[in-house]
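Undergrad: The lines below spell out each chain.
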Amino acid sequence: GAGVSQSPRYKVAKRGQDVALRCDPISGHVSLFWYQQALGQGPEFLTYFQNEAQLDKSGLPSDRFFAERPEGSVSTLKIQRTQQEDSAVYLCASSTIRGYEQYFGPGTRLTVT
Amino acid sequence: GQQVMQIPQYQHVQEGEDFTTYCNSSTTLSNIQWYKQRPGGHPVFLIQLVKSGEVKKQKRLTFQFGEAKKNSSLHITATQTTDVGTYFCAGRRGGADGLTFGKGTHLIIQP
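Quick note, the sequences are listed as chains A and B, same order.
Going by the working numbering, the residue at position 98 of the first sequence is 98; the numbering climbs one at a time, nothing skipped.
Going by the working numbering, the residue at position 32 of the second sequence is 32; the numbering climbs one at a time, nothing skipped.
What follows is a set of in silico ranges between Cβ atoms, one per label pair, in the way DEER data are often shown:
(1) A/Asp-63 / B/Pro-111: 42 to 52 Å
(2) B/Ile-47 / A/Gln-41: 20 to 30 Å
(3) A/Lys-14 / B/Val-50: 39 to 49 Å
(4) A/Pro-8 / B/Ala-68: 39 to 49 Å
(5) A/Tyr-100 / B/Thr-62: 20 to 30 Å
(6) B/Ile-108 / A/Gly-16: 31 to 41 Å
In silico DSSO-like pairs for lysine-lysine, Cα to Cα no more than 30 Å straight-line:
(7) B/Lys-103 / B/Lys-59
(8) A/Lys-11 / B/Lys-103
(9) B/Lys-103 / A/Lys-78
(10) B/Lys-36 / A/Lys-57
(11) B/Lys-103 / A/Lys-14
(12) A/Lys-57 / A/Lys-14
(13) A/Lys-78 / A/Lys-14
(14) B/Lys-70 / B/Lys-103
(15) B/Lys-51 / B/Lys-70
(16) B/Lys-56 / B/Lys-103
(17) B/Lys-56 / B/Lys-70
(18) A/Lys-78 / A/Lys-11
(19) B/Lys-56 / B/Lys-36
(20) B/Lys-103 / A/Lys-57
(21) A/Lys-57 / B/Lys-51
(22) B/Lys-57 / B/Lys-70
(23) B/Lys-36 / B/Lys-59
(24) B/Lys-70 / B/Lys-59
(25) B/Lys-70 / B/Lys-36
(26) B/Lys-36 / B/Lys-51
(27) B/Lys-57 / B/Lys-103
(28) A/Lys-78 / A/Lys-57
(29) A/Lys-57 / B/Lys-70
(30) B/Lys-36 / A/Lys-78
(31) B/Lys-51 / B/Lys-103
(32) B/Lys-36 / B/Lys-57
(33) A/Lys-11 / B/Lys-36
Simulated from the structure, these hints should not be mistaken for lab results.
Idealized CB from N, CA, C, for every residue including glycine.
Sequences and hints are given; from them, build the entire structure.
TA: Take a look at the structure:
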């Protein structure tokens, strides 16, 4: 079946621009996670949704980062006024049971110039 | 906050040699997961360990969870070129959402 999909796969933004990254989780998966992965590093947790409820946003690095999942399926991660330090791969993952196996999407590589 | 440390950062082996990566958490974990990420790819789930002292095997891969549930290891026997990639451990504290990943061990295999 279809896995987690993310779009766009690559995004180049000029510093100060806003960007929106989309995640389509596996159908029926209740839990959805966003992670940020810098080059050569492990993924770092950003935020977690259970259905449409954002239960944990403790990993969002600043108030420029905002995530939503209004209907409990597709999620969007928005970054306002992008900075160079925001350059990274943004990974979305979904799962059926909180804390168990997470299925990752291919990621969106964001480059801020 | 919770920290998960992994060593070594890089490991070069000859094809056919064994490989081990170690993971240590600053706090007790409710469970630990292992993921593999191929170059240019995304993390793929390998296994979850839950019980203190647990050992699980998947063909040439052996996973262990420490008695204190603060450390774990992954051992690969007789590496093959298909084992190339970065191996991450990831911990989840009880009641916390999301995973805390280690920095990973990059496995490089020389034929």
